[in-house]
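S.K.: Below, each chain spelled out in residue letters.
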Amino acid sequence: MSTPDAGLLVALVGNPNTGKSTLFNALTGLRQRVGNYPGVTVARKSGTCDLGDGQKVELVDLPGLYSLAAASPDEQVVIDALSGNIAGDRRPDAVVLVVDSTNLLRNLFLASQVAELGRPVVIVLNQADVAKEQGLRIDTELLSRRLGGVPVVLSSAWKGEGILDVRRAIARAIAQQTQMKRVTWPTNIAAALADVATVAAADTGKPISEAEAQRLLFDTNPSTADRLGWTLAQREKTLRTARDRVRNSGYNPMAAEPLVHYAHLRLILEGVVTEGAGKAGRSAAVDRLLLHRFLGPVLFLGIMLGFFGSVFWLAKFPMEWIQAGVDWTKTIVAPPLDAYPMLQSLLADGIIGGVGAFLVFLPQILILFLFIGILEDSGYMARAAFIMDRLFSWCGLNGKSFVPLLSGFACAIPSLLSTRTIEDPKARLATAFVVPFMSCSARFPVYALMCAAFIGPTYGAGWQSVVMIGMHCVGLLFAVPTAFVLTRLVLKVKPQPFVLELPRYQMPKPRDVIWRMWQNAAEFVSKAGTVIFAITIIVWALSYFPRDASVAERIKAANPSATEEVVKSKLQAAYVEQSYMGRFGKAVQPIFDPLGFDWKITVGVLASFPAREVIVSTLGVTYSVGEGAEADSQHLRQAMQDAKWSEGPRAGTPIFSLAAVLALMVFFALCSQCGPTIATLAQETGGWKWAAGSFVYMTALAWLAGTAVYQVVIRLT
Amino acid sequence: MNFEAVIVGAIIGVAAGWLIRRWLAAARRRKEGGCAGDCGCATKLKK
Chain F
1 MSTPDAGLLV ALVGNPNTGK STLFNALTGL RQRVGNYPGV TVARKSGTCD
51 LGDGQKVELV DLPGLYSLAA ASPDEQVVID ALSGNIAGDR RPDAVVLVVD
101 STNLLRNLFL ASQVAELGRP VVIVLNQADV AKEQGLRIDT ELLSRRLGGV
151 PVVLSSAWKG EGILDVRRAI ARAIAQQTQM KRVTWPTNIA AALADVATVA
201 AADTGKPISE AEAQRLLFDT NPSTADRLGW TLAQREKTLR TARDRVRNSG
251 YNPMAAEPLV HYAHLRLILE GVVTEGAGKA GRSAAVDRLL LHRFLGPVLF
301 LGIMLGFFGS VFWLAKFPME WIQAGVDWTK TIVAPPLDAY PMLQSLLADG
351 IIGGVGAFLV FLPQILILFL FIGILEDSGY MARAAFIMDR LFSWCGLNGK
401 SFVPLLSGFA CAIPSLLSTR TIEDPKARLA TAFVVPFMSC SARFPVYALM
451 CAAFIGPTYG AGWQSVVMIG MHCVGLLFAV PTAFVLTRLV LKVKPQPFVL
501 ELPRYQMPKP RDVIWRMWQN AAEFVSKAGT VIFAITIIVW ALSYFPRDAS
551 VAERIKAANP SATEEVVKSK LQAAYVEQSY MGRFGKAVQP IFDPLGFDWK
601 ITVGVLASFP AREVIVSTLG VTYSVGEGAE ADSQHLRQAM QDAKWSEGPR
651 AGTPIFSLAA VLALMVFFAL CSQCGPTIAT LAQETGGWKW AAGSFVYMTA
701 LAWLAGTAVY QVVIRLT
Chain E
718 MNFEAVIVGA IIGVAAGWLI RRWLAAARRR KEGGCAGDCG CATKLKK
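Residue numbers (our numbering), protein chains in the order written: chain F, 1 to 717; chain E, 718 to 764.
Hint data in this document are derived by calculation from the structure and do not stem from the laboratory. Honestly, I wouldn't trust all of these hints.
[To be verified] Pair by pair, the computed Cβ-Cβ distance ranges are: (1) F/L301 x E/G726: 49 to 57 Å; (2) E/A742 x F/G693: 23 to 31 Å; (3) F/G693 x E/G734: 27 to 35 Å; (4) E/G734 x F/K568: 32 to 40 Å; (5) F/V567 x E/G726: 24 to 32 Å; (6) F/G118 x E/G734: 53 to 61 Å.
Remember, predicted model here, so these are calculated numbers, not experimental data. Backbone N, C-alpha and C fix where the C-beta goes; we use that ideal spot for every residue, glycine too.
Work out the full structure: start from the sequences and follow the hints.
M.R.: As structure tokens, then:
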């Protein structure tokens, strides 16, 4: 990777949904580095940008935001990054402000605030193609002059248009150090700002910039004061007096900043944009259908059905190829180790069998994230949020709860962290408590295995998709009443309004979608090669040892006329049963008997408490060990389909009956089986009380629901 | 002790040791106010 010249740093800033990340990708290509800002879980994405004349700079993509008033960790990071207050990071040498061409006034508000930081600026009017389609004509030269001569460039990042102009404009801004024209504050507000700056500088012993004085005066959030070390006792009187001064000049102190900026921007934009005849409102026409009160949810359900159906259908052949690869590897590895049966079993049954059983789901994971990427980038995901918001507002959750709950379908940990955007602590707590109910992607391999092995072959591919959606809804079904009781009866949360911006529909950019799909696949494969790999070795050891030689003699004595194959099969089964895992599973199995789980499933369930997906590799090991190392072509699915109860009232009947399969999936949909999620919940709720409560509640609920499903279905089938 | 048992024992020992080390590191990260996730990042969270 090439390194930037002279250590120049350029920051990319803009409102959400302006195509900022697409522009970042276009400017940096795939030469990107992803890390974290110190102190917060906000991603720092940077890359090397060639300015077109051989000069290279480091370009950093800051989180999207609407204003510099720091209400969330993301916004605080942007302010700190632009002010050079992040440890180990430099102050940017220039700022590229990405603006939606179709909404200049609102987008330039952030630009006007950034101008106060006194950095060279480039204004990129992105989505210029859409503005043109809507009949908008923007006089960029006039706008540039009015903004003090800063470069103003038209671009359409997702079409790759205007990218070279952006590169040249950055080079010009750095060379000429052109700053954007700043707002002129009314006399009383300017005096109030000067007072705040003087007193804060005296109290803290640090120089206070004009931008910092504005944050101190206008923000209710004390983050800037805290960072400067200006204590509440020191600042209280000064800020009250300064805000009274603003109020006396006819402005509400909390609204003065946007009012003055917008007045300034209206003058700048006069005559800059001219409206002609265009095809406005195509998104609005589509939304009339997709967000229709009754049709919207029906179409949403249809899209989801097609989505999950395609995941199975498209992944079928790649999964078979991977399975064939796993089998082939076994046939290569196992025979040379015939003289070492223990080592042979560890490699073939344990490592290759266990990790292979997990890796087989890679195509489904790839397709899942491909579709999620398409739904997100097309703008439909925000519509899904809008449709589902009705459900959540009914159960008393804050409207802002929806985004963490939606991202909980991918992984509970980042969604628990994203509950921090909810200002009301009670609503935040209630949301965090129900986030683990959302069916995260770690549950997906469990559903996929059960659906592919039992639902699909017996009831057809259609039912496979229905059950898959059903399992994703089970968590939701319990989350809603749980949230209702928590918000209305326990925590008594006050409802708050929720504003959601619906982005314009657009064609997803294949490179961006594939890049994200690739990142998720790499994480999945890395997990298979590390955690799953290590756990399968332990599970294998526990299901292989101890091996008592007397077992073989006993089996042979009990079956004198049996063929060698039958004796071998009975011997393998006996070995697994008397292993540590077998003994433990059998001891605990009575607890899970009402759910129809045998001791092997019980072992899988217990091994999955640190991470759900471990059950797939655990079943891969326990069923593979039982079949012996020679059973190279025996797939996990086939082994499970063939498994039968060996004793008790169910002897001879399949272990994986429809009732047991559904009970297992419902159990996994509801059970709290992820160590890192519980730890994060404890961290975010400030103690173990709520985390322990969530674990006990979800596990008990999973057991009860699984039992109910098994007992009802077994009587009906 | 035979060669096979030594190899298998070493593999199991390394796997168990690696898992324990990973869990201890995650616990230490949490204690220091870091990310409790399984992402392997060393990010500290703002309290």
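S.K.: For each hint, tell me whether it holds in the structure or not.
M.R.: Right, here's what the structure says about each hint:
no.: 1; hint: F/L301 x E/G726: 49 to 57 Å; in the structure: holds (54 Å)
no.: 2; hint: E/A742 x F/G693: 23 to 31 Å; in the structure: holds (27 Å)
no.: 3; hint: F/G693 x E/G734: 27 to 35 Å; in the structure: holds (34 Å)
no.: 4; hint: E/G734 x F/K568: 32 to 40 Å; in the structure: holds (34 Å)
no.: 5; hint: F/V567 x E/G726: 24 to 32 Å; in the structure: holds (29 Å)
no.: 6; hint: F/G118 x E/G734: 53 to 61 Å; in the structure: holds (54 Å)
The structure is consistent with each of the numbered hints, conforming to all of them.
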